[in-house]
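Trainee: Residue numbers (the numbering used here), protein chains in the order written: chain V, 1 to 323; chain B, 1 to 395; chain A, 1 to 280.
In short, the hints are calculated from the structure, not lab data.
Warning: the hint list may mix true and false statements.
Taking lysine-lysine and the DSS-like style, the derived pairs with C-alpha atoms no more than 30 Å apart in a straight line are [to be verified]:
1) K3(V) - K56(B)
2) K358(B) - K88(A)
3) K139(A) - K75(V)
4) K250(V) - K142(A)
5) K263(B) - K277(A)
6) K159(V) - K94(V)
7) K277(A) - K75(V)
8) K250(V) - K88(A)
9) K346(B) - K145(A)
Here's a subset of chain A near chain V, in silico, CB distances under 10 Å, partners left out [said to hold, decoys possible]:
10) T54
11) E81
12) L91
13) H94
14) Y103
15) T183
16) A267
Computed footprint of chain B on chain V; a stretch qualifies when at least three of its residues, placed anywhere within it, have a C-beta under 8 Å from a C-beta of chain B [unchecked claim]:
17) 16 to 27
18) 133 to 139
Note that the Cβ used here is the ideal one computed from N, Cα and C, for glycine as well.
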Amino acid sequence: MPKHIFRLVSLIIGIVVVAAIAIPFLTVDSFYRFGHYRADSVSEIAAQEPAYQTSRYCQSCHAARHAQWSAGNHKTVTCEVCHGAAQGHPGNGKLPIPRDVARLCTLCHEAMPGRPATQPQIQVAQHSGGQQCNVCHNPHSPKIAIAAAKVAGDAAAGKQRAAACASCHGADGTSPNDTWPNLAGQSAAYLARILAAYKSGDQKDVAMTPLAQALSNADIQNLAAYYAGQSCKSPARGGGDVAAGRALAKNCAGCHGETGAGGNPAWPKLAAQKPGYLANALKAFKAGLRKDPMMAGVSRGLSDADIANLAAYYAAQTCQPTK
Amino acid sequence: MELLNNIAHYTGWVYPNETVFEWSVLIAVYPYLTGLVAGAFTVSSLYQVFGFQRLKPVAHLALLTSLCFMVFVPTPLLLHLGHPERAFNSTITPHLTSAMAMFGFFASFYVVLLILETWFAYRPFIVEQAQKRTDLLGRFYRLLTLGSYDLSEKAMRYDRKWIFSLAIIGIPAAHGLHGYVGFMYGSLKSREWWSSDLMPVVFLFSAIISGVSLLAVLYVVTCKLRKVPIDLACLKGLGYTIWGFIMVALVLEGLEFANIVYKGREGVEMIMQYVTGPLLVPYFILQMAIGAITPLILLSYMIWRGTTGRALIAGVTLCASLVLMSVFMMRWNVVIGGQEISKTGKGLLSYNPLIFGKEGLFMAIALTFAPLGALWLISRVFPPWTDGAAASHGH
Amino acid sequence: MKNDTKPASAARREFLGKLGRATACAGAVAGALGVLQEVSAKTETASPGASFPTKDYDWTKHQWAFGVDATKCIGCLRCVEACKRENKVPLNAHQFRTWVERYVYLEGDENARIDSQQDPVNIEASGSQKEYRFANRYKDAKVEKAFFVPKLCNQCTHPACVQVCPVGATYRTEDGVVLIDHTYCIGCRYCVQACPYGARYFNEEEGVSDKCTWCYHRITKGLQPACVEVCPVGARVFGDRKDRESPVSLFIRNNRVQVLKPETGNAPNVYYVGIDKEVN
């Protein structure tokens, strides 16, 4: 064989041999252990730290909140959905509390074609008028769970007892002046609830508190039944811009109905109510003198002019005949 | 963080992850380069193995062209990879189920083969230069001789056998180097436009016509630059080769397209909308009408009429240039076109190539023409010409 | 030339040279064979008793699967955001490990109108590429049928992506999850092309391909994937098929389930309930 051929072949064989020897040395550790990949990679991936910690992690410090949440119907929405991943918390500081709540809540609850009917959905503008959701709803237990309690009172007995109330509230439940509210045609469940609140001290009023304390529970039921059965009178007039009030009242429709009649019976009907009373009540809610967390939130943003307009609007509505 | 590359516009419905084009124009340049490599080597083999004596004037030029383009073949890939420094992973731990893993082996084997064949072809020239020169280049030649100045009859017989064997082995090697690319596309289930048994063969035959056309153009241009007469028999031989292989390539490409349309699988409406819309000019007009059918008709005419002389030179050069354009459009239409049809079968995207940047149009053009620069350089060291003073080296 | 008889010393030198080269070659080949032997010995299953991949988790004891109930999905996209946070997915609207598609048929439509998080209208509704929201674009339209379909990597049993990876950077684990080795991937994106479901994307910052891993780092610790954890309506179901009472086993057993693109032969492991002819 000519020299150059021999040298060429040796050179080629040499390179091939060097490559063959080099390849095992160049192959990374743990490759081929379980297959055609680097086995250590599996362990490395498995060792990564999770960002989301689950609600069990939150429970260890936030036990009360966790209990409230897990008893409510947002228990399928874990804490970290709204507050962000808890990795590093509390060491890294607080987790964010959502500010633009409506933007967050409407992600799930805005009525949208394609969402199954089992999902609670709202038409945003009509439901809250752009108001923040947590004004009425507690995000950790969002269902407004006041069910109208059944009132099983005797209207006749209530009528007898109501004689004592007539001086302020009128003989048939229609108040003679602007300050004290009409009771005729009011929701029985609401009347029972508010009387009980005055009696127990949950709600305080200079006039109502001693009067309510003198009532028995049966009295309360009877009075509620009696007044609920009374016919309410025609709309009243009051200072304030009805049209402006109508615009504001969109926010109230969710609980009180569009015209202040026909909403959830757990809450008071507002239609044809005395405007002076309505205005005072709103101011009292705003100031915290009359206690109700939902009403406090709703009234917080109302100016005196707004209050007057709302009062005028509701006063001008026709109340529906009692059922 | 915002995306670095541009987002593709789309119509209809596409998967969210599809709005970023993963394979850019460089991935169309890559099979174009390997195609030229395979095609140029085919010309060399037609002479060395199949005895087409009339192609002797371009035999060495073909070899050098193949080598120069081969050197640049990895560059579009390296520029594209997210981790080019890990490129050798596919050679150290090749995943044998992947066609792409074959690249390292085909490429290395073929580069070595090309270098060997060039070495053998030029050995008498190398020996002569080693003995004659005293400068730095002389040292280079002496190194290449591997210390042997044996040009005896026995040695030359060995050399001829080696050249012949290498040329034979080189045919499947070169075609494997380019054919695996076609298989890479044809074997995928995810895109109807790519998924075809014919894809490797279509790639191969279009590669052959591109390589032969490149040689035709290079031969004419270099003869003009060196002011030597063009061997018309050689040029006509190249023309015949292009003519024959264009017909096969057209039949195969036509079959592939006809299959898609005829079978009419789910998603075919989107393909038809695409082909008659955005792809009308690049596919039917540039690749087919201007780039393939026109050269075919022109070559047929020249063969029928026995055209010769300057008309033949002009005609073959024109056809070769059109074919070169057509084959690039074919790579573009496959690589980019395939990605423009969504995997959903319900949408189309549009590719907006970057002009600058490591995967931009300028880079694509640079990578396509850089091998020609390398060819110019290497022809100073290993002159491929068979005429004039440098005709003393062996075949 | 040099073919004439050589002096004896030159001939000896030549012989010794040949012998030396031959010995070196033989030695090298023997060494290579020895080393290769050692390499091939590595291809075996782990020694019994050593728990892999972590000491608390043995991958031979689980076979993971995923279920999607498209009748429950409300399209809130909490899963999309949680996944991005959990897995550090690039914060843009064009690269996702998981996403949700909306299918809407308006009255008179033959085909569904389909959109997802990359749609410019939806990007505008959320206001940024880092937060995700479906624009309520059909609220005033006559919608005949509409639903949401969450999508993610199907962790196929015969993955096309694993088949085409040239280096072995992506692979299927013993417990049924397809993972990517970010230190080995060369970034060629062949796997991204090969996936028929569009589940993969290329992470430009890291220079590697990426995709959903069913939160492998969570499921090996007894947690659920992040998207399953945050879904408020139970549209995503996860569990171990080796446990007959796991959520996903019950899901598969109690429902008529189907998979996406079964004709590919990839054998996906995400089971869908409640999808439609248009979903693919």
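Trainee: Run every hint past the structure and note whether it holds.
Mentor: Results of checking the hints against the structure:
1. A C-alpha spacing of about 29 Å is found between K3(V) and K56(B), which places the hinted pair at or below 30 Å, so the restraint holds.
2. Proposed proximity of K358(B) and K88(A) is supported: the alpha carbons are some 26 Å apart, at most 30 Å.
3. A C-alpha spacing of about 28 Å is found between K139(A) and K75(V), which places the hinted pair at or below 30 Å, so the restraint holds.
4. Proximity of K250(V) to K142(A) is assessed by CA-CA distance (about 26 Å); at most 30 Å being required, the pair is judged to hold.
5. Under the criterion of a C-alpha separation no larger than 30 Å, the hint pairing K263(B) with K277(A) is consistent with the structure, at around 21 Å.
6. Restraint check for K159(V) and K94(V): not satisfied, since their Cα atoms lie roughly 57 Å apart, outside the 30 Å limit.
7. With a C-alpha separation of about 34 Å, the suggested pair K277(A) and K75(V) falls outside the 30 Å cut-off, and the hint is violated.
8. Between the alpha carbons of K250(V) and K88(A) the distance comes to roughly 43 Å, so the proposed pair goes past 30 Å and is violated.
9. Among the hinted pairs, K346(B) with K145(A) is consistent with the structure: their alpha-carbon atoms are about 19 Å apart, no more than 30 Å.
10. The closest approach between the C-beta of T54(A) and any C-beta of chain V is roughly 5 Å, which is under the 10 Å cut-off, so the hint is satisfied.
11. Satisfaction of the interface hint for E81(A) is found here, the shortest Cβ-Cβ separation to chain V being roughly 9 Å, below the 10 Å cut-off.
12. The beta carbon of L91(A) is not positioned within 10 Å of any beta carbon in chain V (closest approach about 14 Å), and the interface hint is therefore violated.
13. The beta carbon of H94(A) is not positioned within 10 Å of any beta carbon in chain V (closest approach about 21 Å), and the interface hint is therefore violated.
14. Restraint check, Y103(A) versus chain V: the minimum CB separation of about 8 Å is within 10 Å; hint holds.
15. Of the supplied interface hints, the one on T183(A) holds, with its beta-carbon coming within about 7 Å of a beta-carbon of chain V, less than 10 Å.
16. Because the closest C-beta pair between A267(A) and chain V is about 17 Å apart, greater than 10 Å, the hint is violated.
17. Evaluation of the coverage hint for the region 16 to 27 of chain V: fulfilled, as 3 residues show C-beta separations to chain B shorter than 8 Å, against a requirement of three.
18. Beta-carbon proximity to chain B at under 8 Å applies to 0 residues in the region 133 to 139 of chain V; the threshold of 3 is not reached and the given coverage is violated.
Checked against the numbered hints given earlier, this structure breaks hints 6, 7, 8, 12, 13, 16 and 18; the rest are met.
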